[in-house]
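Top line first, the protein sequences correspond to chains A and B.
Quick note on numbering: full-length UniProt numbering labels position 54 of the first sequence as 54, and the sequence is numbered without any gaps.
Quick note on numbering: full-length UniProt numbering labels position 50 of the second sequence as 50, and the sequence is numbered without any gaps.
If you are wondering where the hints come from, they were derived from the structure by calculation, not from laboratory data.
Since the structure is predicted, the reported quantities are computational estimates derived from the model, not experimental observations.
Misleading hints may appear alongside valid ones.
[Stated by the list, open to error] Cβ-to-Cβ under 8 Å is the rule here; a few derived chain B residues that face chain A: (1) PHE47; (2) ARG258; (3) ASP263; (4) TYR271; (5) GLU272; (6) MET273; (7) CYS274.
[As the list claims (entries may be wrong)] Pairs of lysine to aspartate or glutamate residues, derived as DMTMM-like cross-links and limited to a Cα-Cα distance of at most 25 Å, are as follows: (8) LYS246/B x GLU225/B; (9) LYS210/A x ASP324/B; (10) LYS175/A x GLU119/B; (11) LYS305/B x GLU229/B; (12) LYS178/A x GLU225/B; (13) LYS20/B x ASP324/B; (14) LYS284/B x ASP187/A; (15) LYS15/B x GLU119/B; (16) LYS210/A x GLU536/B; (17) LYS210/A x GLU229/B; (18) LYS246/B x GLU434/B.
The beta-carbon is built from N, C-alpha and C at its ideal position, and this holds for glycine as well.
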Amino acid sequence: MVHPAHSQIRSHLASKHLVATEAWLTAVLTTQRPTTPLPALKSTILFRLLASDFTKSLSVTSTSCFPPDVLDTSRQERLIHGPIPVQILDIDDIGHSKWSQIETIEAVERGETTKGREVIRTVVEEDSTDATTLSSGPFKLLLQDAKGTRVYAIEISPLPGVGLGTSIGAKLILKDVKVSRGVILMDSGTVLSLAGKIATWDKQWRADRKERLLRTVDSER
Amino acid sequence: MAGGRTINVLNVAEKPSVAKAVASILSRNQGLRTRDGRSRYNRIFEFNYSINGQPCHMLVTSVTGHLMELEFEDRFRKWHSCDPADLYHVPDKLDIKRTLEEEARRCQWLVLWLDCDREGENIAFEVIEVCTAVNTHLTIRRAHFSALIDSEIHEAVQHLVEPNKWFSDAVDARQEIDLRIGASFTRFQTMLLRDAFVIDLTTDDRNLVLSYGPCQFPTLGFIVERYWEVQAHEPEEFWTINCSHKSDEGIATFSWMRGHLFDYTCAIIIYEMCVQEPTATVTKVRQQEKLKYPPHPLNTIELEKRASRYFRMSSEHTMKVAEDLYQAGFISYPRTETDCFSQRTDLHVIVQEQQRHPVWGSYAQRLLDTGTGLWRNPSNGGHDDKAHPPIHPTKLFSGETRFSQDHHRLYELVVRHFLACVSQPAVGAETNVEIDIAGELFSASGRVILAKNYLDVYRFESWGSSMIPAYVFGQQEGIGTDATMHDHIKKLLDRFYATKDSNTRFSPTNLGEALVMGYDDMGYQLWKPYLRAVMERDMKAVSEGTMRKAEVLTTSLQQMKACFLDARLNKVKLFGAMAVFFERSNQSGGDEQHAHGDFVRRCGHCQESDMVLRRNRDGNFMVGCLGYPQCRNAIWLPGSISEAVVTTNICNTCTPGPVYLIQFKFRQLEIPPNYNANHLGCIGGCDEILRQLIEICGTGSRMPARGRGSTASSINVQQSNSRLGEARHSACIYCQQMGHSSSDCPSQVSGSHSARHRRMNSQSGGESSVPCSTCGAPCILRTANTENNSGRKFYSCQSQNCNFFVWEDNLNNGTGGRSVQSARMNVSASDTSRSRVRGRGGRGGPHAATATFVSATGDPVSGRRCFVCGDPSHFANVCPNRGS
Numbered sequence: 001m002v003h004p005a006h007s008q009i010r011s012h013l014a015s016k017h018l019v020a021t022e023a024w025l026t027a028v029l030t031t032q033r034p035t036t037p038l039p040a041l042k043s044t045i046l047f048r049l050l051a052s053d054f055t056k057s058l059s060v061t062s063t064s065c066f067p068p069d070v071l072d073t074s075r076q077e078r079l080i081h082g083p084i085p086v087q088i089l090d091i092d093d094i095g096h097s098k099w100s101q102i103e104t105i106e107a108v109e110r111g112e113t114t115k116g117r118e119v120i121r122t123v124v125e126e127d128s129t130d131a132t133t134l135s136s137g138p139f140k141l142l143l144q145d146a147k148g149t150r151v152y153a154i155e156i157s158p159l160p161g162v163g164l165g166t167s168i169g170a171k172l173i174l175k176d177v178k179v180s181r182g183v184i185l186m187d188s189g190t191v192l193s194l195a196g197k198i199a200t201w202d203k204q205w206r207a208d209r210k211e212r213l214l215r216t217v218d219s220e221r
Numbered sequence: 001m002a003g004g005r006t007i008n009v010l011n012v013a014e015k016p017s018v019a020k021a022v023a024s025i026l027s028r029n030q031g032l033r034t035r036d037g038r039s040r041y042n043r044i045f046e047f048n049y050s051i052n053g054q055p056c057h058m059l060v061t062s063v064t065g066h067l068m069e070l071e072f073e074d075r076f077r078k079w080h081s082c083d084p085a086d087l088y089h090v091p092d093k094l095d096i097k098r099t100l101e102e103e104a105r106r107c108q109w110l111v112l113w114l115d116c117d118r119e120g121e122n123i124a125f126e127v128i129e130v131c132t133a134v135n136t137h138l139t140i141r142r143a144h145f146s147a148l149i150d151s152e153i154h155e156a157v158q159h160l161v162e163p164n165k166w167f168s169d170a171v172d173a174r175q176e177i178d179l180r181i182g183a184s185f186t187r188f189q190t191m192l193l194r195d196a197f198v199i200d201l202t203t204d205d206r207n208l209v210l211s212y213g214p215c216q217f218p219t220l221g222f223i224v225e226r227y228w229e230v231q232a233h234e235p236e237e238f239w240t241i242n243c244s245h246k247s248d249e250g251i252a253t254f255s256w257m258r259g260h261l262f263d264y265t266c267a268i269i270i271y272e273m274c275v276q277e278p279t280a281t282v283t284k285v286r287q288q289e290k291l292k293y294p295p296h297p298l299n300t301i302e303l304e305k306r307a308s309r310y311f312r313m314s315s316e317h318t319m320k321v322a323e324d325l326y327q328a329g330f331i332s333y334p335r336t337e338t339d340c341f342s343q344r345t346d347l348h349v350i351v352q353e354q355q356r357h358p359v360w361g362s363y364a365q366r367l368l369d370t371g372t373g374l375w376r377n378p379s380n381g382g383h384d385d386k387a388h389p390p391i392h393p394t395k396l397f398s399g400e401t402r403f404s405q406d407h408h409r410l411y412e413l414v415v416r417h418f419l420a421c422v423s424q425p426a427v428g429a430e431t432n433v434e435i436d437i438a439g440e441l442f443s444a445s446g447r448v449i450l451a452k453n454y455l456d457v458y459r460f461e462s463w464g465s466s467m468i469p470a471y472v473f474g475q476q477e478g479i480g481t482d483a484t485m486h487d488h489i490k491k492l493l494d495r496f497y498a499t500k501d502s503n504t505r506f507s508p509t510n511l512g513e514a515l516v517m518g519y520d521d522m523g524y525q526l527w528k529p530y531l532r533a534v535m536e537r538d539m540k541a542v543s544e545g546t547m548r549k550a551e552v553l554t555t556s557l558q559q560m561k562a563c564f565l566d567a568r569l570n571k572v573k574l575f576g577a578m579a580v581f582f583e584r585s586n587q588s589g590g591d592e593q594h595a596h597g598d599f600v601r602r603c604g605h606c607q608e609s610d611m612v613l614r615r616n617r618d619g620n621f622m623v624g625c626l627g628y629p630q631c632r633n634a635i636w637l638p639g640s641i642s643e644a645v646v647t648t649n650i651c652n653t654c655t656p657g658p659v660y661l662i663q664f665k666f667r668q669l670e671i672p673p674n675y676n677a678n679h680l681g682c683i684g685g686c687d688e689i690l691r692q693l694i695e696i697c698g699t700g701s702r703m704p705a706r707g708r709g710s711t712a713s714s715i716n717v718q719q720s721n722s723r724l725g726e727a728r729h730s731a732c733i734y735c736q737q738m739g740h741s742s743s744d745c746p747s748q749v750s751g752s753h754s755a756r757h758r759r760m761n762s763q764s765g766g767e768s769s770v771p772c773s774t775c776g777a778p779c780i781l782r783t784a785n786t787e788n789n790s791g792r793k794f795y796s797c798q799s800q801n802c803n804f805f806v807w808e809d810n811l812n813n814g815t816g817g818r819s820v821q822s823a824r825m826n827v828s829a830s831d832t833s834r835s836r837v838r839g840r841g842g843r844g845g846p847h848a849a850t851a852t853f854v855s856a857t858g859d860p861v862s863g864r865r866c867f868v869c870g871d872p873s874h875f876a877n878v879c880p881n882r883g884s
């Protein structure tokens, strides 16, 4: 049985450039009570979609995915109109050396933050992500579209909501983005952040981050 | 008061030279008589003077630094005489070195001319103590002066004040804390680690002391911490884009506002973007006047830092030179924390004095000329020790030949620094330009100096000017391709931490690193400056009178004692850290390493084991029996041997053979010139040359207090097997034999009841040792060497961390044990004729395994014993027989 609000939800999502698969939408809607008011239902479904894995929940269309030759490094510059919904798989701070990032993580582990040259002992707070958001980047992201294509993207100008505090699995909409040598150039005019998060990926990524950095440093030695 | 009876005034200065300067300034070199005091260095100057109208007969003399020395009382001074933890509560003793009593007796006034700092105040009170002891009616006055120049000295003597007890207390407290902490930790560290590790330093490690200073250690901490940072740093590649713009006006180099990126792909993409873009647009032009301010007035630390930076002079040398200049009256007192001039100081007078100088005289004139507007009241550095003004020149100094180049340079620094302080800041115009290429921002800046002002005189500082072309907002410039934007992406190594002044960079030694690491692992902040900073703050509070000395002493020492005891509990950590850097030395307690040595001969004493050539940790050679510790036969060889190798040649005279000859190589400078440095010798007793060399050079000192407790070094080549042979000098008192000291006498061991008893045991039950009650490891059997327990055997655990100790005869209770006991008492009874008896007799009875004998490291250490009675169960400072 199709949920009474099915088509309304579908068009609501489409207005956000998100086209969910029938299967995903039906599955999610069957768990919802038919009596839920429409605005609440819209928000719930959008939230569920942003917390989902796009490769499973979004339908693949030619415009909502990267063109197949997106990774062609011989193309010095091209424009992709999109809009393409993508999810963030990895975040790399390329404005700081790996080692200084490790040191920052260790300082936070020790309960220290720095202010200029001064080392400050912080009282342990519930929300411990504060210190990691201090870095201003620029950041290099690994993005994935609904088809599963993975493309690197760099921040040309600072993007609000993108930083080390950004969750893995967070969603972005790319519109009229420049792609140079297979790397997306993001700026505030072409990228819209929808937030969202895939909790298991994010937790794993954060837990492994220091280890990963250490490995990178070691391998470059 | 005027015209009253002439009084005698005793003036005491800190150094002879100051006394002389004060005397000659006050007397104006008229009617100045000089005579020798009891110390020929501290002369006495006499002249007549009048203080506030009171006619005075002045006697000016001096001390040399502190009169008293804060030291521990004798019985706590020897390292092994007490538990270092006791150092936190032993009374200290003031030892009077010199006396001023003679002069004080005939004086009515005492005027103290000690340097005006806390230390000087402290010495002042020592002088007061000495003088008032003989003359309770002395009127005591303090002279405050900062420079040995006429005006200061005359001013000081007319405005005498009361001495400041608070200052003195602060110094007392600091000295006491430093002494106690330093001594306790030094002993702890040294005794714990020196013997446990092979610490390979170039210094003579027999005297190796792992010292701990309350100030020095945090300094080491800084160095180590920094070193760790540097060590931990991994170089990583980064990329950056540079851009330069050349025009007729000059070249402007723009740097990328992103700084650098740690990702090659990203950097190259952005670079490509920039190269594609045909134009660069000026987005921002900012021009502003910048001022460069002259430094604050000079205090001691600044002087040391600047002398080091400008002249590469060490702090110590700088202060020595400054001291000389001060004593000659050229500069003010160089030990000051103050970096602001008080309102009272007439700065113009100081500048006027410099007007005549050939080099900077003209600058001084310009300063004083109000028309130039160059004068500026000096800035305030915010520190004031309320004792001395900032360091400044007091007198013109031009080329006195008795002074060195460094004196001239330092004087020049002081003068130029002072003149800079009272000058206007330099003025420059700075331009910042930002350009945009394809959205990427680059910036460049240039500076034009408009007025040099103080930089004219302060040649040590410079302010570079760099011209860049003028830019207008919105201005666009075409970008050439390779001509101007050639490969600017450079691969560079991350050198954030690689300091350029590699010649002045510090890096810690292994030892320093290990110590800091050890204390760090304990979770202690000993090596961090906090503890010290707290202490210094308390000292300041004492000198200001807001805290009492006793209060500070108690809290500080309690803290440090807690810290010390905790450190001792956690010494395993220190061990662990040391083990990272140093090889663990043999733990068996023997002086010699039980490494394999080359066979020399069969042991003539135990007739069981071989004697081998070995080199102990001190680098000294010995030929020892492999049967150690059961057989203690050993021949100590001269300390002047650098190499020794056992040869295949056999000695023809010595028996029982074979006795292999040893090829010795002596250090030429350590033996008399008529001896050959290379010598093929025999240790069997036939070798006269070797015997002579041992007599002349002595054997290498053997580490005392490690298992043996004997420091006897009167050792000779052993006369093999001639037991109870002819008594020569330095023979063993037990067996009258050469080649060992009485404490090592092998016959004493085997001849004693207990040894025989042990041998019986070992025949019946094999060589089974006693297991340690704590760790279960087999214990080592050792022999006590003291008068009371001479030859008495005991077991102790091999591990330093274990405190198991038991007399052997206590284990074998029954007849054997008792017979030993009685034998021992017999010995002490028969000893009465030879030496004073300190025997415990029947008083204490045998000390058993419960002994709480604690070493510096907190371990019950079996090898150490009371100096007084020889009992290993206590230290000498608590010996019940002491003084009896």
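- Identify every previously stated hint that the structure contradicts and give their numbers, smallest first. 1, 4, 7, 8, 9, 10, 12, 16
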